[in-house]
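A.B. asks: Now for the letters of each chain:
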Amino acid sequence: MRKYVSWAIAIALFAGTAAGAQDIRTQERVVDAAQARVVRAQARVDALNDSIARTMQTFDSLTVGPLRVLVHPRFRTVVEAAARAASAKLVADAPAQVSRLAKVRLVVRPWSDTTEGGLVFLVRPGHNDRMEAYIDSDSATFAHHFVAIGERYLASTIDGRLRMWAGTLLLPDTASDRVWVQYRVDLVSANGVVARNCYGGDVRACMLTLGLTTTTDPVLEWYDAADRRAIIKREMDFRPHGYRVQSEQCLAGDDASCTDVLRQYTEYHRTPVMSDIRESLVSVALQLGGASAYDRLLVASGTPTEQLEAAATVPIDSVVRAWQRRIRDTRTASDAMSLPIAIGSLFWIGLCGALSLRSTRWR
Amino acid sequence: MLKAILWSQWKPTRGLVLITSIIAFALPVSSLTITSTLRAQEVTRVMQSYGALYPMLAALTGLLIAMAAWAPDHAGRHTYALSLPVTRSQYAGMRFIAGSAFIGVTAAALLVGTLIVAVAGAIPDGLHVYPVALTFRFALAAMVAYAIFFAISSSTSQTAGVILGVMASILLAQFVLAMMEVDFNLIEKVGEFLAYRPGLFSVFAGRWMLIDA
Amino acid sequence: MSFAIETKDLRYTAGKTFQVSQLDMHVPHKSVYGFLGPNGSGKTTTIRLLLGLLKPHAGRVTVLGSEMPASYASVLARTGYVPERPHLYPGLTVDEALRFHGSFYPTWDGRWADDLVRQFALDRQRKIGSLSKGEGGKLQMTLALAQQPDLLVLDEPTDGLDPVVRRDILAAVLQYVTDRSATVLISSHLVHELERICDWVGLMDAGRLVSELPMQDFRSGLKRLRVSDAPDVLSSAPFTLMARDRGTGTVEQWVVRGWTPGMKEYFATVGASLREVVDLDLEEGFVEMLRAARQRAG
Chain A
0 MRKYVSWAIA
10 IALFAGTAAG
20 AQDIRTQERV
30 VDAAQARVVR
40 AQARVDALND
50 SIARTMQTFD
60 SLTVGPLRVL
70 VHPRFRTVVE
80 AAARAASAKL
90 VADAPAQVSR
100 LAKVRLVVRP
110 WSDTTEGGLV
120 FLVRPGHNDR
130 MEAYIDSDSA
140 TFAHHFVAIG
150 ERYLASTIDG
160 RLRMWAGTLL
170 LPDTASDRVW
180 VQYRVDLVSA
190 NGVVARNCYG
200 GDVRACMLTL
210 GLTTTTDPVL
220 EWYDAADRRA
230 IIKREMDFRP
240 HGYRVQSEQC
250 LAGDDASCTD
260 VLRQYTEYHR
270 TPVMSDIRES
280 LVSVALQLGG
290 ASAYDRLLVA
300 SGTPTEQLEA
310 AATVPIDSVV
320 RAWQRRIRDT
330 RTASDAMSLP
340 IAIGSLFWIG
350 LCGALSLRST
360 RWR
Chain B
0 MLKAILWSQW
10 KPTRGLVLIT
20 SIIAFALPVS
30 SLTITSTLRA
40 QEVTRVMQSY
50 GALYPMLAAL
60 TGLLIAMAAW
70 APDHAGRHTY
80 ALSLPVTRSQ
90 YAGMRFIAGS
100 AFIGVTAAAL
110 LVGTLIVAVA
120 GAIPDGLHVY
130 PVALTFRFAL
140 AAMVAYAIFF
150 AISSSTSQTA
160 GVILGVMASI
170 LLAQFVLAMM
180 EVDFNLIEKV
190 GEFLAYRPGL
200 FSVFAGRWML
210 IDA
Chain C
0 MSFAIETKDL
10 RYTAGKTFQV
20 SQLDMHVPHK
30 SVYGFLGPNG
40 SGKTTTIRLL
50 LGLLKPHAGR
60 VTVLGSEMPA
70 SYASVLARTG
80 YVPERPHLYP
90 GLTVDEALRF
100 HGSFYPTWDG
110 RWADDLVRQF
120 ALDRQRKIGS
130 LSKGEGGKLQ
140 MTLALAQQPD
150 LLVLDEPTDG
160 LDPVVRRDIL
170 AAVLQYVTDR
180 SATVLISSHL
190 VHELERICDW
200 VGLMDAGRLV
210 SELPMQDFRS
220 GLKRLRVSDA
230 PDVLSSAPFT
240 LMARDRGTGT
250 VEQWVVRGWT
260 PGMKEYFATV
270 GASLREVVDL
280 DLEEGFVEML
290 RAARQRAG
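Protein chains in written order, with numbering that gives the first Met the number 0: chain A, 0 to 362; chain B, 0 to 212; chain C, 0 to 297.
Careful: at least some of the hints might be erroneous.
[Claimed, not checked] Covered by chain A, according to a simulated footprint, are these stretches of chain B (three or more residues, beta-carbon under 8 Å):
#	stretch
1	138–144
2	166–173
3	199–212
What the hints contain is simulated information worked out from the structure, not anything from laboratory work.
Beta carbons are placed, not taken as given, at the ideal position from N, Cα and C, and that holds for glycine.
Chain A on its own, in the form it takes in the complex (with noise of 0.2 Å):
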C-alpha cells in the first residue's frame, strides 16, 4: 500500500511540474509577446516624433522673452504678436521664475493643409507629455493659449504639498467677485459649527475650517451636537433604512447616538466646506505678499502654512484674518433685483401699455 501510495505522489508531482513548466512558459510567451508590442510601440512613437522633428526643421524658431515657439511659417506673423503679448502677462506674474519656460517648447503647426485654424502643443524634452489645442489663426486667440499654457506649466511646478491640499491649480489670478460670493454662501451656509465660527471670527476655527491644522475627529470638532442632529435628520430622507434606530434615537435627543451614526458617513469627514474655498485663502496670501509673491510660491517648499507664509511673507494668522475679511465685506447683490431687470421689466411695462392705448373704437 505505502508503495502505490509513494507511486502515486511521484507520478502527480512529476505531472504537476510538468504542467507548471509548461504554464510558465506560456506565460513567457505573453510576456514576450507584450513586450515586442511595446518596443512596437516605441519605434512607432520614435518614428513619429522622428517626423515631427524632420517637419519641425522647416519651422522657424523664435524666441520671445521666457518662449521658445516652434512656428510653421504660415502663422509667424500672428504668432510673433502673440508671444509678445503673452510674454508680458507671464513676466507680470513670476517675473523671477518666468524662466523657467524656456525649457519647454510652444510648437504651432497647421492642423491640416485645408483648414485655416492651428494646432497648439507644448513638448517638453524627455517627456511624452502634450498639451495640445486646436484654435483660430489669429493673434489674440493664440496669445489666450501660450499664456494659459505657460500659467498652467509654472503652477505644476508648485511643491506637491500645497498643491494636494488646494486640490486646483493655483494660477497667479486671483479668484473672481462672483467665486468669493460663493465661497462666502459656503462659509455662512455650512454643516458645520466651525465653519460658522470662522464666518464669525474665530481664527482657530478657520485654521480648521481650512484643513491647515489636523482635526483628530471631524464629528466631534467640526459639529456641534445641533449640527449633528440636523444632518442625522436630513440623513434619514435620503437613508431611510440606514442606521433606523440609532437615528431615531438621535432625534430624539440623544447626542452619541447622532455621534455614532454620524461617524459612518464618512463623506462628512472630508472637509468642513467645499475644498475649492482653499484656492481663495491662496488668492489673499499672494495679495499680501505683493509683487513677487508668486515668484516665492513657485520655489517654496514644507506644509501648506509655510508655503503661504513663505508668498505671503506674513503669518498665517494675518493670512487668515485678512481671508476673513474678505470673506466678510463680500456680500452678494440681491438676485431678488437688479437694474436690468428694472429697465427691462419697465420696457416691457411700457410697450404692453402703449397698445393697450391703441385699443380701437371698432368693436
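With the hints as your guide, set chains B and C onto chain A.
C.D. replies: Just chains B and C, lined up with the frame of chain A:
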C-alpha cells in the same frame, strides 16, 4: 374723470385686491415663523421654496386686476365707454392707471410683511434680508403681468385671434422643422428669449429670496 | 335750413347680408326727429354710425357741425345718448352712476339730476344691476338729460316699458326740448308714440331711408282715395301716387301723398271719378309708405 374711473374700477376689484394683499402679507410672515429657529443653510433652503410663490402671486395679481379692469366694459360691449366724451386712448390710459394703483396696494401689503421679517426675524449670521428689493421686484412683475393682460383685454377678439395665431404658428413651425429633421428648437429659443434678459418674463425668472447670503 | 345731423351717401355693411346704403339723412336743428322703421331696418345701426360707435365704409357724417367719427370726443360731449340696450355698469349704484357720468361732462347739472331722480322715484342706493327695465330706462334718461346736451339721441327709449313709464320719459324729453331748444333724434317702431312729439319723421326700411319729411306733411298729405274709371297711365298728377290697388271691380283704392283738397279737379281731366277721400292715421300711413317703398325696390 380719473377719480370716477378709479372708483368704478375699485368696486369690482376690491375683493381681489383684498385677497391678494392678504396673501402677499402672509407669505413673508409665514416664512418667518418657519425659519425663526433654523440655521443659515436651512433658512436659505426655505427661502428658495418660498421664492417660487412670489412670482406666482405677482402674475396672478396682475392677471386678475387686468381682467377686472375691463370686465364691466366687456359686459356692455364697450358701448358706454365708447359713448363717453373721451378719446379711446385717454379712457384706456385712465383704466390702466387705476389698475396700477391697485397693484400698489398689494405690493404695499407685501412690503409690510417683509419689513416685519426684517425687524422681528432672527436672521442667522452671514445672511441678509432684502425687503425693499423683493417688494420692488414683486411690483414690477405684477405690473408686467398686468400690462400684458390689460393690453390683451383691451383688444378686440380679432387681435386676440392674431396672438393665438402667432403662438400656433410657432408650434406649427417647430413641427415642420421636426419633420424636416432640422436640429433647431424654435420653441426653446422663443422661451429663452421670453424668460431671460431682456425677455418679457425675465422679471419672473431667477431667485426671489427675501433672505439671502 | 341748418342741420344738426347730416349724412351723405352713408354706407355700412354688417355681416354678410345687412347693409345701410346711400343714406342721406337731414335732421334740422332744434327739431324733434322721429326715426321710424320696422324691427331690423337699420335704425340702431344708423344711430351708432352717427355717434361714431361704428365706422362707415363710405359717405360722410356731420353731427353738430363736426365730422364723425373723427371728432367723436367733442361731439359726444354735447350729445346725450340713450341706447336701445342698457349699457351702464351693473355694479354701480344709482348714486355712483350719477357721479361717474357727471364727471365726464362739464355741463353736468347735478341739481337737475337730483330733481329727475326724485321725479322718476329712483332709489339712489340701489345697484344698477337690480333695477327693473323701467327704472333702468329712467336712469339712462336722467343721465342723458342732466348733462344738458345740445343733441339728444334716443334709440327706442320706451321699448318694453309700461305706459306709465313711457309717459314719464316722453314728458321729460318734451320738457327738455321746450326748455333747451335742443335737437332730438328719437327712434322707435311705435309710430303713435312719436306722433305727439315729433316734427320731422324719417322712415327707414331695409337699410335705406325711404322717406324724410315734416310730420305735418306726413300727417295731412297722406290720403286713401277711392277712384273709378281711371286710366292705366296717369299723366301730370299733382300728387304722389304711392300705391294703386285695382281690386276686382271698377273702383280702385289709391294711396297718395301730398294731397290738397284742390286736387279733386284733376280726376275730371283724366276721365276718372273721385268717389271718396279717406284720412290715414300715422300708423296706416307708415304701413302704406313702407309697402310702396318695398314695391319700388322689389
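A.B. asks: Output the indices of the hints that this structure fails to meet, ascending.
C.D. replies: 2
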